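Assembly of the complex is requested from the two constituent chains, each provided in isolation within its own frame, with the hints serving as guidance.
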Amino acid sequence: MSDKMHIKLTVNGAPREVLAEPRELLIHVLRERLGLTGPHIGCETTHCGVCTVDMNGKSVKSCTVFAAQADGAEITTIEGLGTPDDLHVLQRMFHEHHGLQCGFCTPGMITRAHRLLQENPDPTEEEVRFGMAGNLCRCTGYQNIVRAILAAAAELNAAREAAQ
Amino acid sequence: MIPSAFEYHRPPSVAEAIRIVSERGDDARVIAGGHSLIPMMKLRMAHLEHLVDLQDVAELRELSIADGIVRIGAMVTQHELITHEGLAQAVPIVREAALLIADPQVRYMGTIGGNLANGDPGNDMPGLMQCLDARFGLEGPEGSREVAARDFYEAAYMTDRADEEILTRITFAASTGGYAYEKQKRKIGDYATAAAAVLINAQDGRVSRASVAMTNLSDVPVWSEAAADALIGTACDAAACDAAVAAMSAEIDPQEDSRGPIEFKRHVAGTILRRAIARAWARA
Chain U
22 MSDKMHIKLT VNGAPREVLA EPRELLIHVL RERLGLTGPH IGCETTHCGV CTVDMNGKSV
82 KSCTVFAAQA DGAEITTIEG LGTPDDLHVL QRMFHEHHGL QCGFCTPGMI TRAHRLLQEN
142 PDPTEEEVRF GMAGNLCRCT GYQNIVRAIL AAAAELNAAR EAAQ
Chain R
36 MIPSAFEYHR PPSVAEAIRI VSERGDDARV IAGGHSLIPM MKLRMAHLEH LVDLQDVAEL
96 RELSIADGIV RIGAMVTQHE LITHEGLAQA VPIVREAALL IADPQVRYMG TIGGNLANGD
156 PGNDMPGLMQ CLDARFGLEG PEGSREVAAR DFYEAAYMTD RADEEILTRI TFAASTGGYA
216 YEKQKRKIGD YATAAAAVLI NAQDGRVSRA SVAMTNLSDV PVWSEAAADA LIGTACDAAA
276 CDAAVAAMSA EIDPQEDSRG PIEFKRHVAG TILRRAIARA WARA
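Residue numbers (our numbering), protein chains in the order written: chain U, 22 to 185; chain R, 36 to 319.
Treat the hints as calculated values from the structure; they're not laboratory data.
The structure presented is a predicted model; accordingly, all values stated were derived computationally and were not measured.
Backbone N, C-alpha and C define an ideal beta-carbon position, used for all residues, glycine too.
Be careful, since some hints might not be right.
Here are the computed distance ranges between Cβ atoms for each label pair [what the hints assert, rightly or not]:
{"hint": "1", "chain 1": "R", "residue 1": "Asp62", "chain 2": "U", "residue 2": "Ala180", "range": "50 to 58 Å"}
{"hint": "2", "chain 1": "U", "residue 1": "Phe151", "chain 2": "R", "residue 2": "Asp155", "range": "21 to 29 Å"}
{"hint": "3", "chain 1": "R", "residue 1": "Glu97", "chain 2": "U", "residue 2": "Asn141", "range": "24 to 32 Å"}
{"hint": "4", "chain 1": "R", "residue 1": "Asp62", "chain 2": "U", "residue 2": "Cys64", "range": "27 to 35 Å"}
{"hint": "5", "chain 1": "U", "residue 1": "Arg113", "chain 2": "R", "residue 2": "Ala183", "range": "51 to 59 Å"}
{"hint": "6", "chain 1": "U", "residue 1": "Arg159", "chain 2": "R", "residue 2": "Gly268", "range": "52 to 60 Å"}
{"hint": "7", "chain 1": "U", "residue 1": "Gly124", "chain 2": "R", "residue 2": "Arg54", "range": "45 to 53 Å"}
{"hint": "8", "chain 1": "U", "residue 1": "Arg150", "chain 2": "R", "residue 2": "Glu260", "range": "33 to 41 Å"}
{"hint": "9", "chain 1": "U", "residue 1": "Glu176", "chain 2": "R", "residue 2": "Ile267", "range": "52 to 60 Å"}
{"hint": "10", "chain 1": "U", "residue 1": "Ala180", "chain 2": "R", "residue 2": "Ser57", "range": "54 to 62 Å"}
{"hint": "11", "chain 1": "R", "residue 1": "Ala50", "chain 2": "U", "residue 2": "Cys123", "range": "46 to 54 Å"}
{"hint": "12", "chain 1": "R", "residue 1": "Thr306", "chain 2": "U", "residue 2": "Pro36", "range": "53 to 61 Å"}
{"hint": "13", "chain 1": "R", "residue 1": "Thr206", "chain 2": "U", "residue 2": "Phe151", "range": "24 to 32 Å"}
{"hint": "14", "chain 1": "U", "residue 1": "Arg113", "chain 2": "R", "residue 2": "Ala81", "range": "39 to 47 Å"}
Chain R stretches covered by chain U per the calculated footprint, using a threshold of three residues with CB under 8 Å from any CB of chain U [said to hold, decoys possible]:
{"hint": "15", "region": "82-96"}
{"hint": "16", "region": "139-150"}
Chain R with its partners taken away, still in its complex shape (with noise of 0.2 Å):
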């Protein structure tokens, strides 16, 4: 279980860490946390000849709060998310959806950055991040770009960033009204059978707005746009939440493999959206 030998660099800024991947090309991998690079380096999976170690990077290690807009650095950890009172107060879907990432070792050394630029379908994040319509930073050679983390994901590992770009903040609006995340695993550690991430702002006992967000049901996150128009207008009641699981259903395209079969999937995710959404009606 040990790696292939690699170079080690610890650059302190993101310029520095930009130069030594552009010349490097393929061959060189920047590491956040590292808890999914290294176990794929350790199965000699990943194979790289150097290895940009990102954790004395100052700047991704910020999180801020202003005029309702939350700002993440890449480097900042799930433990940082979760302890972090002002972001609880501001968004508390993030913590949430953090307490069930992994394990608390995990959540001390895994980062925002490295759970939404692994394009794992299996991470919590991505989906969290397009229920609430995150934008992510990119910084490159050609310089700096944002993309919407609901245009992100294009197939599993696969996302909009170029090879030599880093994802550098996150950047979303503080939510108010309703929350909830849910996620159903076979153990704590576990990827996610099925997840949900929903939003819903309530007017006079109506959804006036709403967000849903499906994970590890498709080799991208399935943000349905179809489930949340099936809750707007409605009391949330029975009805509009089997419209929503309808629609949501009909974007999904979940695979057989050790977490079950595809109608089992169907079925969790059904029942993970319904009990997303009335808890996040419950708080709206």
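In isolation and in its complexed conformation, chain U is listed as follows (with noise of 0.2 Å):
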């Protein structure tokens, strides 16, 4: 039988601690112990994408990670990407392009965006279709997801450019 650890992660900006036992996986730690349900469990099996968070800057399946293996980390949810207030760029393109329908996959799908568009700010449809090819969407609903995102890369390059 195993002890629970002490585990130090930063999320979304914030130091925080839980005590968890090496068992745990990431998803039920951010939801359960620091009550974090941006992040949602939809298959639990590493296909469906809706539990997606950033960590140490990757895209990861938190329904496939350990909390013990994240000791240490940089954790970012949904949660840390915009406020109801502030809505992240994403999170804006997502409502005004009708990107979500039953908007269950709508937290992971966002968090993937995010860390496509800083690893390719500029993709083609076809780059961005590749790159979210880790989450579903069960309300079939790709075609206003793409749109989306490719709205918010276009709006994110205007401001870069504006700002130079």
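Here's what the structure looks like:
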């Protein structure tokens, strides 16, 4: 039997500490111990991507990472991207382009898209589709999800150019 | 979907990891990216009491290319293989294959070492490494040794690696010439129905060297020397491709599963190999 571990994380910019068994998955620690219910639990088998969070600059499916592996990591969840009063560009574009229907996949979609645009700020439609291939939308609303991400990229790039 | 309890270790070195694994024997497993092991633990199909996480072992994260030799540490991720420009120059087939593995999130975590050591017939890297004639470095309590990728796989999930050994590095020569990795899969994230790795060198309009390996068509990867021999010396014409496919077909042993019946898999294997040969030849 294993003892609980003292796990230190930086979550959405703030230091957090939890006691958790090594076998606890990152998604469970985020949702149940830290109260971050933005990342969802869908398939729990590394397929659907609704549990996607950013860990040390990588998009990961937090149902397939032990909290113990994340000890010391920097985590960003959907809660760290925007607030209801000050939406992230991606959140605004998902709203404007109807990039969500039931909304269950949306936190994972946006968190993944955020990392994708960090790595490839000006993607083609094909690159968006390939880069988002680890996230499933069971409403099958992919057309507008891709439109929303391309629109967010365009707005971010326009803002970047204006700032220069 | 929660695994049984285990103790977590995060050693700073290979030596320390081997010490823990040797002491704990069957009760310990090393974890690389964890994207094969964690799902098996969640399903309670893998049982262990000590999980030895290699993420802090810096020496396993190195990737170097010098004097035409590529050395890759076992903890290098698929994402890193894809984004490494030097590797894409030296051995472009690695990026082409890695892009066809799983999905972006899995590729950030999944490692070349895990993909190779797991022994899953569905994994793409074992066949690719056989095609490239790679050598695997293994370290254990008795010291280190090297095994050819072509001698490493014994049966599904059974390899030449001893329980207390860790696959630490992969070494192969930079490949000049034509290349192609072709993979037929039902959807993103699926394992191959059939996949083919092909390397071809051309001289005076004829194939001077070739290497062919197939994935997920037997309980081990199938490096087909006979298929390569069927191409060598030819102009890679239709008759040569027919002969290579026939030679490959004699060496695979696909089983019926959710990806289809045996006859279908044999058909897909032939189609995929033809495509890979055509593309590799066009680039040779």
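Evaluated hints:
{"no.": "1", "hint": "R/Asp62 <-> U/Ala180: 50 to 58 Å", "in the structure": "54 Å, holds"}
{"no.": "2", "hint": "U/Phe151 <-> R/Asp155: 21 to 29 Å", "in the structure": "24 Å, holds"}
{"no.": "3", "hint": "R/Glu97 <-> U/Asn141: 24 to 32 Å", "in the structure": "26 Å, holds"}
{"no.": "4", "hint": "R/Asp62 <-> U/Cys64: 27 to 35 Å", "in the structure": "30 Å, holds"}
{"no.": "5", "hint": "U/Arg113 <-> R/Ala183: 51 to 59 Å", "in the structure": "55 Å, holds"}
{"no.": "6", "hint": "U/Arg159 <-> R/Gly268: 52 to 60 Å", "in the structure": "53 Å, holds"}
{"no.": "7", "hint": "U/Gly124 <-> R/Arg54: 45 to 53 Å", "in the structure": "49 Å, holds"}
{"no.": "8", "hint": "U/Arg150 <-> R/Glu260: 33 to 41 Å", "in the structure": "39 Å, holds"}
{"no.": "9", "hint": "U/Glu176 <-> R/Ile267: 52 to 60 Å", "in the structure": "55 Å, holds"}
{"no.": "10", "hint": "U/Ala180 <-> R/Ser57: 54 to 62 Å", "in the structure": "56 Å, holds"}
{"no.": "11", "hint": "R/Ala50 <-> U/Cys123: 46 to 54 Å", "in the structure": "51 Å, holds"}
{"no.": "12", "hint": "R/Thr306 <-> U/Pro36: 53 to 61 Å", "in the structure": "55 Å, holds"}
{"no.": "13", "hint": "R/Thr206 <-> U/Phe151: 24 to 32 Å", "in the structure": "30 Å, holds"}
{"no.": "14", "hint": "U/Arg113 <-> R/Ala81: 39 to 47 Å", "in the structure": "43 Å, holds"}
{"no.": "15", "hint": "82-96", "in the structure": "holds (count 3)"}
{"no.": "16", "hint": "139-150", "in the structure": "holds (count 5)"}
In this structure, none of the earlier numbered hints is contradicted; all agree with it.
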